[in-house]
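Novice: Protein sequence lines correspond, in order, to chains A and B.
Each step along the first sequence adds one to the number in full-length UniProt numbering, with nothing skipped, and position 232 is 232.
Each step along the second sequence adds one to the number in full-length UniProt numbering, with nothing skipped, and position 257 is 257.
Bear in mind the hints are in silico, worked out from the structure with no lab data behind them.
Some hints here could point you the wrong way.
Some chain B residues judged to face chain A by a derived CB distance under 8 Å, without partners named [said to hold, decoys possible]:
| no. | residue |
| --- | --- |
| 1 | 5 |
| 2 | 6 |
| 3 | 8 |
| 4 | 9 |
| 5 | 88 |
| 6 | 92 |
| 7 | 96 |
| 8 | 98 |
| 9 | 102 |
| 10 | 173 |
| 11 | 251 |
| 12 | 252 |
| 13 | 254 |
| 14 | 257 |
Every residue, glycine too, gets a C-beta built ideally from N, C-alpha and C.
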Amino acid sequence: MIEAVGLTKRYGAKTAVDQLSFQVKPGHVTGFLGPNGSGKSTTMRMILGLDRPTSGHVTINGSPFRELPNAQRHVGALLDAKAVHGGRRARTHLLSIAQLSGIPEKRVDEVLAVVGLQDAARQRTKGFSLGMGQRLGIATALLGDPQVLLFDEPVNGLDPEGILWVRNLMRRLAAEGRTVFVSSHLMSEMALTADHLIVIGRGRLLADMGTQEFIAHNSAGFARVRAADTDPDGRDALGTALTRAGGRVLQEPDGALRVTGLELPRISDLAHAAGVRLWELSPHRASLEEAYMRMTQSAVEYTSTDDPRAELWEQDPLALPAWEDEQAAPEVPRAAFFAPPPPGAGGSPFLMPSHPGELASTAKDSPEDTR
Amino acid sequence: MAFSAVLTSEWTKIRTVASTSWTLATALLVTVAMGAGLCAVVNATFDTMPESQQIAFDPTQMSFSGMLFGQVAVLIFGAMVVGSEYSTGMIRSSLAAVPARGALLLGKLTVATALALVVGLATGFLSFFLGQALLGEHSTTLGEENVLRAVIGVGLYMALLAVFAMGVSMMLRNTAAAISILISFVLILPIVLSLVDATRKIAFYLPNQAGSAIMQTVSSPAVTSDAPYGPWGGLGIMVLWVAAAVLGGYLVLSRRDA
């Protein structure tokens with residue numbers, strides 16, 4: 001179990017980690033999420049006693065890492081896949097670390113086999129790819145068969161097969177009752193791997209909850225419903241009916257309504273009862289990635305001026321409909337919930353002609369040809 | 001954690017990188033070869049040398065004259081042993097496995113110093129025997145007064161120089177910076193200081209100037225009248241420098257974030 005209390009690290013005027021308190025419990029994979037530069041690595045380094053906290057403290061199984069007797073048997077860590085002497089062979093690198101705690105040489109060959117590096121054991125590590133470096137780092141962490149494991153961005157540089165392997169390894173280690181703490185900036189990866197999430201941004205705690213809970217909290221769905229355009233009063237009648245039934249209704253720029261708090265069949269029934277014809281009734285669910293980006297948007301350290309995410313959090317002119325008199329804070333207010341439209345019309349992922357004549361006909365319609 | 005475990009680990013580390021063998025081999029070969037060459041030249045031209053030089057001639061020290069260049073390789077060895085831990089990030093891998101900084105530092109110093117001492121002693125004896133063989137009638141033997149002390153002194157000098165380099169490198173955490181500073185300190189600063197009379201005396205107290213007194217056997221007034229210390233006194237001054245560098249290195253390691 002890892003416990004941080006009021007953990008703070010300042011570098012001069014810059015605060016890398018700010019009053020961070022959390023617990024990492026055994027038997028779970030705990031994901032540590034945050035954008036680049038949010039303080040994940042600094043926190044990991046403080047857990048391992050490499051950096052001294054400016055204030056606050058962090059303990060592993062009740063005592064600070066630096067005071068753990070025989071630390072390698074309790075805690076294993078992968079911090080930086082490149083933190084090896086490139087001139088040394090993989091096996092001797094592991095051996096030198098193992099010997100620090102009197103771990104037998106046999107264990108070195110065992111962990112090399114576990115991470116699948118047995119064939120590269122005699123190679124100098126400077127020739128290693130990033131993925132091989134990550135595997136070597138994971139092997140180092142596993143050497144002492146520790147109960148507490150920390151991995152900083154372990155899937156960086158791994159191929160899909162490697163990512164799947166890391167995911168299964170983390171889950172297996174946690175299932176054995178170990179404490180597994182994995183940092184990542186990839187929400188999608190953590191959603192698959194972690195049972196519990198600790199999200200930080202600019203060094204501050206943004207969320208500390210189970211992955212399922214996080215999904216439920218942060219990716220609430222909504223329904224898009226559109227009355228027939230041919231019936232001008234239909235929209236207002238529909239909105240009134242839905243609001244009365246307890247739904248929250250917001251108007252979208254294209255005239256559709258965004259409804260939360262009502263199930264789709266119920267919306268259909270209400271529309272039918274109100275005598276409104278519907279042209280659209282569709283379920284929408286924001287992806288976890290979007291929820292994460294929305295949560296960390298204000299906490300992103302480095303932002304491109306040409307940031308494609310800008311559209312995700314630009315407030316759309318969502319009009320409060322006439323029948324909504326109270327100025328309530330909308331639960332799901334943002335255009336951020338739209339998944340980006342697929343390239344190409346009609347939802348097909350690529351612009352492909354559906355029949356051979358299509359390209360020819362569009363060419364005929366193009367203005368150049370009419371000239 | 002047992003200290004023997006750290007020693008085993010550091011021994012594995014030091015013997016599995018190429019820089020260890022090439023720096024130490026260079027130190028030995030350059031010192032022996034240069035010393036032998038100069039001894040041969042001196043033997044051929046001894047009669048043309050001024051009388052004052054003939055009186056003050058120290059055949060033992062003559063055979064160690066290659067040390068002037070050999071010591072650079074020793075400094076590079078010391079700087080690389082420590083500096084590569086930082087430049088590669090290996091120090092973080094080690095500290096993440098074992099948080100005992102003092103023990104890690106002491107283990108590394110012990111292993112590297114022992115290795116430098118062994119190579120230094122080999123250098124001393126090889127240089128001595130080859131040099132004396134080439135000096136012909138001007139040569140001396142191990143049985144003469146102070147000679148054995150001077151030959152063993154080569155080993156002590158090289159070991160202390162290696163520790164000094166490790167201490168400086170531990171403070172700077174950077175191989176290239178440590179090597180530049182060490183070389184200017186050991187090779188260039190003595191020359192600059194001895195250009196002016198007022199600063200010449202200061203040069204005597206530089207670590208390598210003081211330490212090399214151990215490798216002389218003739219304390220003729222013509223050569224050593226200026227130096228205010230004997231061979232062991234000089235080595236003592238060098239030990240103080242080395243202790244200061246190691247203490248500085250320890251403070252940096254224990255205080256600063258790794």
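Novice: Take the hints in turn and mark each one as holding or not.
Specialist: Against the structure, the hints come out as follows:
1. 5: holds, 5 Å
2. 6: holds, 6 Å
3. 8: Because about 4 Å separates residue 8(B) from the closest Cβ in chain A, which is inside the 8 Å limit, the hint holds.
4. 9: Hint holds; residue 9(B) Cβ to chain A Cβ min 4 Å, cut 8 Å.
5. 88: holds, 5 Å
6. 92: holds, 5 Å
7. 96: For residue 96(B), the interface hint holds, since the closest Cβ of chain A sits about 5 Å away, which is under 8 Å.
8. 98: holds, 5 Å
9. 102: With a minimum Cβ separation of about 11 Å from chain A (threshold 8 Å), the hint on residue 102(B) is violated.
10. 173: Where the cut-off is 8 Å and the nearest Cβ of chain A is about 14 Å from residue 173(B), the hint is violated.
11. 251: Where the cut-off is 8 Å and the nearest Cβ of chain A is about 14 Å from residue 251(B), the hint is violated.
12. 252: With a closest approach of 14 Å, the residue 252(B) hint is violated.
13. 254: violated, 10 Å
14. 257: Constraint on residue 257(B) satisfied, holds at 4 Å.
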